[in-house]
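Protein chains: 4
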Amino acid sequence: MMIVMSDGATDRQVDDVIDRLHQAGVEAHLSRGEFKTLIGAIGDEDIISQIPLGAMPGVDSVIPIMRPYKLVSREFKPQGTVVSIGPVELGGEMFVVLGGPCAVESEEQLMASARAAKEMGVHILRGGAFKPRTSPYSFQGLGEDGLKLLAQAREETGLPVVTEVMDARQVELVSGYVDMLQVGARSMQNFFLLKEVGAQQKPVMLKRGPSSTVEELLMAAEYIVRGGNSNVVLCERGIRTFETATRNTLDLSAVPLVKHQSHLPIIVDPSHATGKRELIPALARGALAVGADGVMVEMHPDPKVALCDGPQSLDFGQFREMMADLKAAAPPLGRKL
Amino acid sequence: MMIVMSDGATDRQVDDVIDRLHQAGVEAHLSRGEFKTLIGAIGDEDIISQIPLGAMPGVDSVIPIMRPYKLVSREFKPQGTVVSIGPVELGGEMFVVLGGPCAVESEEQLMASARAAKEMGVHILRGGAFKPRTSPYSFQGLGEDGLKLLAQAREETGLPVVTEVMDARQVELVSGYVDMLQVGARSMQNFFLLKEVGAQQKPVMLKRGPSSTVEELLMAAEYIVRGGNSNVVLCERGIRTFETATRNTLDLSAVPLVKHQSHLPIIVDPSHATGKRELIPALARGALAVGADGVMVEMHPDPKVALCDGPQSLDFGQFREMMADLKAAAPPLGRKL
Amino acid sequence: MMIVMSDGATDRQVDDVIDRLHQAGVEAHLSRGEFKTLIGAIGDEDIISQIPLGAMPGVDSVIPIMRPYKLVSREFKPQGTVVSIGPVELGGEMFVVLGGPCAVESEEQLMASARAAKEMGVHILRGGAFKPRTSPYSFQGLGEDGLKLLAQAREETGLPVVTEVMDARQVELVSGYVDMLQVGARSMQNFFLLKEVGAQQKPVMLKRGPSSTVEELLMAAEYIVRGGNSNVVLCERGIRTFETATRNTLDLSAVPLVKHQSHLPIIVDPSHATGKRELIPALARGALAVGADGVMVEMHPDPKVALCDGPQSLDFGQFREMMADLKAAAPPLGRKL
Amino acid sequence: MMIVMSDGATDRQVDDVIDRLHQAGVEAHLSRGEFKTLIGAIGDEDIISQIPLGAMPGVDSVIPIMRPYKLVSREFKPQGTVVSIGPVELGGEMFVVLGGPCAVESEEQLMASARAAKEMGVHILRGGAFKPRTSPYSFQGLGEDGLKLLAQAREETGLPVVTEVMDARQVELVSGYVDMLQVGARSMQNFFLLKEVGAQQKPVMLKRGPSSTVEELLMAAEYIVRGGNSNVVLCERGIRTFETATRNTLDLSAVPLVKHQSHLPIIVDPSHATGKRELIPALARGALAVGADGVMVEMHPDPKVALCDGPQSLDFGQFREMMADLKAAAPPLGRKL
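One line per chain: the protein sequences are A, B, C and D, in this order. Just add 310 to wherever you are in the first sequence, counting from 1, and you've got the working numbering. Just add 310 to wherever you are in the second sequence, counting from 1, and you've got the working numbering. Just add 310 to wherever you are in the third sequence, counting from 1, and you've got the working numbering. Just add 310 to wherever you are in the fourth sequence, counting from 1, and you've got the working numbering.
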């Protein structure tokens, strides 16, 4: 922490800040210049951040100088983490493709998707059983029936499955059926849910909130890892900006940024990011090129009858074409597919 | 709904869209011009919005023309709603002031705040027992002990109390102690929590998410009202923008906008919006002037030792001054305080 | 400036940074802790900011600790500046109302507006002669003919007039006709234009860019004042955010923030901020309440035939009502109108 | 245009809107449903957009249904435009790399950069002679001396050169020295400058404003093309969002979006987008993968002494490595380098 004193701060106020730091067992380094007085507080950031320095008289501002997360940082663990989801390794050389419908709608729709996914070389099947919807009047998902269909699809195809868990009370139920739990973008800072998925061992895919910084995403991951579960995969899925031509603004810079700061794997979801089918294949290639560990893309046997997100779902032909593109582009980028 | 067809849409595609609408019992009005073909879909928006028109071949875009909420709209109920929180009426002539510490820290701290609040004419006491914190290493609140202290403060001062509920499992516990439940900004789209607070009768203060539009705020309120609880008070508390000089950007335009579109009362939280003590009194006056039904402002007996949000808490002297300002300014603005 | 060294920075790299500062005549304070090494650079920020410290090996980040503007800061000049625009003093006790049409369209339209403005007690007449328009196909203003009409309106009513100047080449022409030059939001960082209006003495109204921080607004004002013209009035007119219910998001927090940091007067433009007529009177009252020195509001004799911004223009009846509201609300807020 | 009438609109108000459209020679299609009344206005959008429909009594909202630009649209010209900059073709099969220092600082610095660029296979040399700087106290560029050095670098290396023009008065001067004029992000809506660069024939690189939508970027390009110069290259360089870990948020979705909507070529500037050297190579590969026609990347012989943007400049070794990566990745993506 760096404490910047106000221009008119008195010696007494400066001493009070230093005393307060010393009481907490923190070193204080005073830099007094002609224009400004600074106090560097160097010690355990956990302790320092508990002291309300910003509210002390004479303090102009308090500037953090260390990253607020630890367990998920690359300083803490220099080698990248590889998360195993069933037989699939995410975070290694393989560029992992997760595909499937936005929502599980029926046995027919899910099984058709699962078989197509398997045949195209998709690694993990996705499908929503509980759907977070802005409107109470929209389709809210099949619930446990959807989970059962996902388990059935896995049985038939051998593909591991991932689905969203929206509420702490569902964690046990959902983790009984699937191979990876998804914490959705709207739940990224549902701290009780984070603690609950941290207290079990199924891998967790944590999606970035549409108005969350990368630092906040890593802090949310820290909740899970600190709870005891280090099988966390991050997911960039677009942030909210003034641009309305796309549903969100996909922040591909977040991928190399996360790779520098954290050992956790990160994938990209171009479907929710753009909301536009015609942009998705290009952005899936972009995700591969910037160094993501995978992509999650929505598909549907017949997007025009989808109960959820039809306009952003690829049909099987489009998905197959995307897979071929990715396969061709991967080798010079150091990836297998 | 207005369906805009692509430039190259065929007659067959146009007919398919119209057929689809007719099948669903929806009127379709065709407008075919030299440059564009439009189809107006007029009927029950609930039904129309279930049809994935945007994914049909030949469709360029689908433009909603009706508001997606109903029960909370002013068309549905032209008179403003007044919510009773204990003896306090929010939404009427009174400009209601909610004050208290960010977090309940101790009996001494809370009781000092409660007595000061009572003496200054504050109407409702606030205080957090469960605290949503970005970092797992920050103070997370006293939990049920905090709730007990809030109940004790109400007993002594007669002030109704409000506190945040973060998880659906806590609703019953928390509503046993307090007079109003707060759904925090990070939980605005925690739909399971919305359903749970909608299934009981304690008034609910619903804070706008930092990246939520006013329409999404009203949709979240719709979840609660549709669940059976119409005692909802909205709260504008700042949205996330590129400006970093304030913690968030307080969107005071949201107040008259909500007043036009909804019958629900709305208050303003300038403390979380700005994060800067020196800006709060001016923005509390601003809230009064734009037509808000109240303000919620953080205070602390000694902000420099606060465990949470010290820099944005007023001390008792500053709070008293703000109250005097508001009292003086209210009458020509048609409000009592 | 505070220089934060990377975790792996070598002693040699630390020394290099210190040497570089010393060469430039800047004091360097080293704070070396268990976890982090910091170097405080204290001296003339002009000099320090010229040194590309962030690009030196071993440097993690460089954190500015002083505000980057000077002449416009309240530290530099503690008393508030009062700018005289003809007989009107802006920045004093008077809450100044600027009113008039978006664009000067015709003699009839402008003179009707000017007379109505005069009769209602408006202090300054506004009207655009050169119009910045997103589309090349929109009405671009009457140009010099518009300026002549503004001069004629001033002659008849005695009201000082303000109009926008869009290009450095127009400054001389425009300042020959009007009492105050407006630098529009899109031109806030047109540095050649800032230099040009700084090199003459007519007062300048500088509008905040829709994606500019308050700090950048003050830096733009610094360009003008440094050029020799200290008659600068700032104008908050909304910033661009994800919210689409209003044209922009009016940032009323910027008003008390500017008042703390700068001696320059600041007014508010609720017309461009919201784009919605029905929200403007409430936000004009809000501007008064948060401490703005005035408001600028668009009016039109017949908004439904306006060539520009009709939906956000008040008609004369609505404007008159707003004036009455402001007059009633001003006294307890310490303002005259 | 689609006109949505208010719920309480009278028949007379509906008729007035239709009459107004007919007077302007525009077809009006009435759709009157149980819940809503809509009027489709189909005709020349130039004419329709001049009618202030939104300000007419009884009108709730006016929804544009056609894109507001023409000459730059793919409907207008289905084949992609190839812009020739000296011997370089931008918009064809070649993935074009523009490289060079942020600012021209000295003959030595520029010539070293130019020679390195040539040797590495860079196609176009960039360098700023006039620099837009937020602070009046920062280095403002060498002006015409910088232009002369750019011309000298071209002469020696044969590389075409591009530099920014900030003011309409400079267009003639600058175009006398360089091969392509850059309109910077802050100038994207400097309409007088757009008209001036549209009135000459040197190619123009138009950078997206940090708070401009893709539609506004295309409208700005429309100003230039309509002025008579169709040699326009767009440049995505990041938009302003709440994320502060990067200088801006690079919006790579804009690339395939522009490719769908416009025939103009588009390149990406990852240097200004991120401000962080370590992210640039990954995002340059991302630009290639999403379909951009080129990248512009800053380099400097010795970034740690750069007068401008040192932290985001690659040194020659880093740049060379990036070139090798791009060369390897290009073929499966259908590009040459």
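Treat the hints loosely; a few may be bogus.
Copies of the same chain are indistinguishable here, so a pair counts whether it falls within one copy or spans any two.
Unchecked claim - When the alpha-carbon atoms are kept at most 30 Å apart in a straight line, the in silico BS3-like pairs for lysine-lysine are as follows: (1) 505 with 428; (2) 614 with 380; (3) 646 with 428; (4) 428 with 380; (5) 646 with 505; (6) 380 with 458; (7) 458 with 505; (8) 387 with 505; (9) 505 with 380; (10) 586 with 387; (11) 586 with 380; (12) 586 with 646; (13) 646 with 512; (14) 637 with 380.
Everything labelled a hint here was simulated from the structure, so no lab data went into it.
Q. Can you name, in rising order, the numbers of the hints this structure does not satisfy?
A. 1, 4, 5, 6, 14
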